[in-house]
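Turn these sequences into a full structure, and let the hints guide you.
2 protein chains.
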Amino acid sequence: MVTVEEAQRLISEEVLELDTERVKMTNTLGRVLAEDLYADLDFPSYNSIRMDGIAINFSAFEKGNRTFKIEKVNGAGMPQTILENSENCIEIMTGAVCPIGADTNIRYEDLKIENGVATILIDKITKGQNIHPKGKNRKQGDLIVPKGRRITAAEIGVAATIGKSFLKVVKPPKIAVISSGDELIKVSQKPKLHQKRRSNSFACQAQLAAMNVPSATFHLADNEKAIHETISKILDEYQVIVLSGGVSMGKFDLIPKVLESLGVEKSFYKVYQRPGKPFWFGRHPSKGVKVFAFPGNPVSTFVGMEAYLLPWLRNNMGMKIRPYPKVVLAEEVTFKPDLLHFLQVHLETDDQDRTLAIPRKGKGSGDHANLTDVSGFIILPRGRDIFKVGESFELIQFR
Amino acid sequence: MVTVEEAQRLISEEVLELDTERVKMTNTLGRVLAEDLYADLDFPSYNSIRMDGIAINFSAFEKGNRTFKIEKVNGAGMPQTILENSENCIEIMTGAVCPIGADTNIRYEDLKIENGVATILIDKITKGQNIHPKGKNRKQGDLIVPKGRRITAAEIGVAATIGKSFLKVVKPPKIAVISSGDELIKVSQKPKLHQKRRSNSFACQAQLAAMNVPSATFHLADNEKAIHETISKILDEYQVIVLSGGVSMGKFDLIPKVLESLGVEKSFYKVYQRPGKPFWFGRHPSKGVKVFAFPGNPVSTFVGMEAYLLPWLRNNMGMKIRPYPKVVLAEEVTFKPDLLHFLQVHLETDDQDRTLAIPRKGKGSGDHANLTDVSGFIILPRGRDIFKVGESFELIQFR
Chain A
1 MVTVEEAQRL
11 ISEEVLELDT
21 ERVKMTNTLG
31 RVLAEDLYAD
41 LDFPSYNSIR
51 MDGIAINFSA
61 FEKGNRTFKI
71 EKVNGAGMPQ
81 TILENSENCI
91 EIMTGAVCPI
101 GADTNIRYED
111 LKIENGVATI
121 LIDKITKGQN
131 IHPKGKNRKQ
141 GDLIVPKGRR
151 ITAAEIGVAA
161 TIGKSFLKVV
171 KPPKIAVISS
181 GDELIKVSQK
191 PKLHQKRRSN
201 SFACQAQLAA
211 MNVPSATFHL
221 ADNEKAIHET
231 ISKILDEYQV
241 IVLSGGVSMG
251 KFDLIPKVLE
261 SLGVEKSFYK
271 VYQRPGKPFW
281 FGRHPSKGVK
291 VFAFPGNPVS
301 TFVGMEAYLL
311 PWLRNNMGMK
321 IRPYPKVVLA
331 EEVTFKPDLL
341 HFLQVHLETD
351 DQDRTLAIPR
361 KGKGSGDHAN
371 LTDVSGFIIL
381 PRGRDIFKVG
391 ESFELIQFR
Chain B
1 MVTVEEAQRL
11 ISEEVLELDT
21 ERVKMTNTLG
31 RVLAEDLYAD
41 LDFPSYNSIR
51 MDGIAINFSA
61 FEKGNRTFKI
71 EKVNGAGMPQ
81 TILENSENCI
91 EIMTGAVCPI
101 GADTNIRYED
111 LKIENGVATI
121 LIDKITKGQN
131 IHPKGKNRKQ
141 GDLIVPKGRR
151 ITAAEIGVAA
161 TIGKSFLKVV
171 KPPKIAVISS
181 GDELIKVSQK
191 PKLHQKRRSN
201 SFACQAQLAA
211 MNVPSATFHL
221 ADNEKAIHET
231 ISKILDEYQV
241 IVLSGGVSMG
251 KFDLIPKVLE
261 SLGVEKSFYK
271 VYQRPGKPFW
281 FGRHPSKGVK
291 VFAFPGNPVS
301 TFVGMEAYLL
311 PWLRNNMGMK
321 IRPYPKVVLA
331 EEVTFKPDLL
341 HFLQVHLETD
351 DQDRTLAIPR
361 KGKGSGDHAN
371 LTDVSGFIIL
381 PRGRDIFKVG
391 ESFELIQFR
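So the sequence lines, in the order shown, correspond to chains A and B. Residues 1 to 399 (the numbering used here) make up the first sequence, in order. Residues 1 to 399 (the numbering used here) make up the second sequence, in order.
Keep in mind that the hints were calculated from the coordinates and are not lab data. Remember, it's a predicted structure, so these values are computed and weren't measured experimentally. One thing to keep in mind: the hints can contain errors.
Since the list can't tell identical chains apart, any single copy or any two copies may satisfy a pair.
Stated by the list, open to error - In silico DSBU-like links for lysine-lysine, alpha-carbon gap of 30 Å or less:
(1) Lys192 - Lys72
(2) Lys277 - Lys112
(3) Lys136 - Lys277
(4) Lys174 - Lys257
Listed below in structure tokens is the structure:
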């Protein structure tokens with residue numbers, strides 16, 4: 001039996017070897033970037049006009065000129081033009097390239113235009129006004145997005161801007177999610193009294209999918225030979241195994257025996273926590289496969305995924321891990337067992353703009369439906385019985 | 001010109017007619033549920049054993065019996081068994097069905113088992129202990145998940161439990177994202193001085209994809225006939241059009257003319273906000289198509305999507321809309337224009353566990369890269385110039 005901190009430490013020592021892959025930029029939303037992104041050009045790449053109006057050479061205005069003959073009209077996306085005569089102007093649109101020979105932009109609102117001549121109606125203009133200078137946003141070669149970033153729409157837009165049609169992203173590990181037990185029937189079946197439909201493996205798969213990590217599901221019947229064959233194959237083909245149920249060391253649990261016979265070594269069994277105490281973790285030393293075996297109650301497995309497997313995956317995928325945010329407990333909680341308590345909470349905001357955690361503990365670790373009413377778990381540390389209103393605790397948020 | 005509130009109100013009046021569709025439960029992560037989910041059985045569906053140990057009839061203990069002959073062994077997933085003689089016991093595992101004739105569960109830790117006889121080592125047990133009663137979590141027919149919920153792993157697990165292999169979800173609208181302008185080149189091309197790579201349409205598409213809404217992208221060259229033909233087709237085939245750029249009413253913008261000639265009616269043009277002031281919104285009255293035309297600067301389009309289109313979509317998809325959370329401004333901000341200001345911010349937590357918004361305003365609405373350094377926008381209301389440290393403002397979070 002280990003503490004939660006010890007369990008986290010032992011898991012963090014297990015390293016996943018992950019490849020990278022080149023993926024079409026438009027398909028990378030939610031993936032983890034595996035390369036640094038640099039500006040391929042200055043941004044903007046030219047001195048850019050900010051206002052619909054005219055572009056002039058400031059020296060003419062300085063000399064006292066107020067009327068400027070319009071040489072031509074230029075818009076965004078048109079090639080750069082030349083102001084032939086510095087006493088003239090070019091009528092120009094937002095986003096256009098500042099013409100060669102011009103350096104200052106005056107907006108329509110400050111002009112009168114008649115018969116091809118623009119008259120400036122104001123007295124005060126400054127050299128370079130309304131021109132967004134080349135390279136002001138970013139210089140060519142600047143690091144824009146560091147690797148390890150989870151890709152959002154913002155990164156997609158930037159990747160397009162710098163010409164990355166493909167992005168190097170982290171290849172997620174191959175994960176097998178295994179349920180077991182003859183009592184678990186298909187979702188489409190009607191359970192007899194002692195039966196239940198399979199559900200944990202689908203929830204686990206969805207928790208992984210929410211991180212853009214695909215997984216395969218397997219179901220093991222209570223047959224030692226079949227279990228041996230299937231797990232043996234999975235150990236050769238997958239990097240991570242998630243087991244939900246089947247390792248409680250009870251009279252009918254065949255899986256621990258099979259894992260041992262196949263060379264999977266225990267790192268720890270049982271953690272000072274509720275729910276999810278009988279959590280077994282191990283690995284196959286030569287194959288490098290990691291085995292997370294969570295107790296079969298749905299809330300236990302769900303917590304195990306959120307508190308252990310997912311943070312470990314993010315870390316191995318190169319993401320920068322932020323500490324859990326803290327939230328304020330809204331109701332006093334008494335919890336006597338000598339265990340760390342992952343307490344389900346609903347979140348609200350109080351009138352001081354703090355996030356309140358409202359306990360919704362549910363009816364125990366079998367009460368899967370309760371998870372649909374909450375946004376996360378707060379971590380109530382071990383070694384205390386009473387947790388007071390207004391104290392703040394770390395939050396694992398999943399919604 | 002309208003206020004942000006007026007723009008939101010006008011948009012909210014436009015209703016999208018959305019169908020529903022039946023989707024395989026395992027493919028519904030992130031989709032919006034279009035049916036209420038009810039418990040198909042009591043949960044748990046039987047009186048469930050909570051501890052590995054024995055099951056007895058409490059009356060025997062009450063009479064003074066402390067030794068119980070083990071009639072048989074029963075485990076989770078095995079059919080319910082019968083305690084033939086109420087003076088005996090059944091050795092039983094966690095999750096098993098409480099045997100007929102038994103009503104109380106004693107754990108191994110409180111027993112000695114020898115030669116097929118279990119001896120209870122403690123004096124105090126209560127009738128019904130360690131039995132999780134049928135229906136305690138949820139009763140058959142209880143509403144578990146209401147429609148309008150965005151589906152997470154928790155809902156997937158519950159759907160599996162209640163036998164929903166398929167779920168009725170909201171069919172997202174058909175959305176066309178249109179970029180325009182000859183200066184916009186492909187991502188794979190190298191831009192000339194006056195050119196830029198297309199990027200906004202990919203960012204928009206990713207913003208929609210983050211809500212599990214697919215979209216098609218189109219690019220219009222600066223050719224009135226071609227624009228007319230393409231938009232005409234799109235009006236027949238799509239429910240929502242997102243335009244980025246091309247409607248600034250500048251000298252070279254052909255799109256407003258085309259939209260008008262095709263019967264698209266303006267609802268408003270220009271909003272008292274920065275960035276994104278020249279936002280045009282309209283609809284085709286008979287075809288029911290809604291047109292969101294955002295100014296072409298990347299930050300303007302990005303804000304427009306987050307502040308208008310996405311909340312409107314969520315609402316039309318039946319999601320319960322929560323008010324924006326409030327966060328605390330960490331640095332004084334001066335903003336003089338008579339506009340509401342969507343200010344880009346990085347988020348941190350202070351030592352009172354409040355969320356701090358640290359301004360990262362960037363270099364203007366063309367500074368797309370700045371979006372990769374922030375988590376959202378705070379809404380600084382119009383009609384004020386100075387926003388003080390410690391004041392709190394609404395947050396639109398996109399990361």
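Here is what the structure says about each hint:
1. Within a single copy, lysine 192 and lysine 72 get their C-alpha atoms only as close as 83 Å, which misses the 30 Å cut-off; across copies the closest is 21 Å, which meets it.
2. Proximity of lysine 277 and lysine 112 under a CA criterion of 30 Å is satisfied inter-copy only: 24 Å between copies versus 78 Å inside one chain copy.
3. In this homomeric assembly, lysine 136 and lysine 277 come within 30 Å of each other (Cα to Cα) only across copies, at 22 Å, whereas the closest approach inside a single copy is 56 Å.
4. In this assembly of identical chains, the alpha carbons of lysine 174 and lysine 257 lie at most 30 Å apart only when taken from the same copy (24 Å versus 53 Å across copies).
Hint violations for this structure: none, all hints satisfied.
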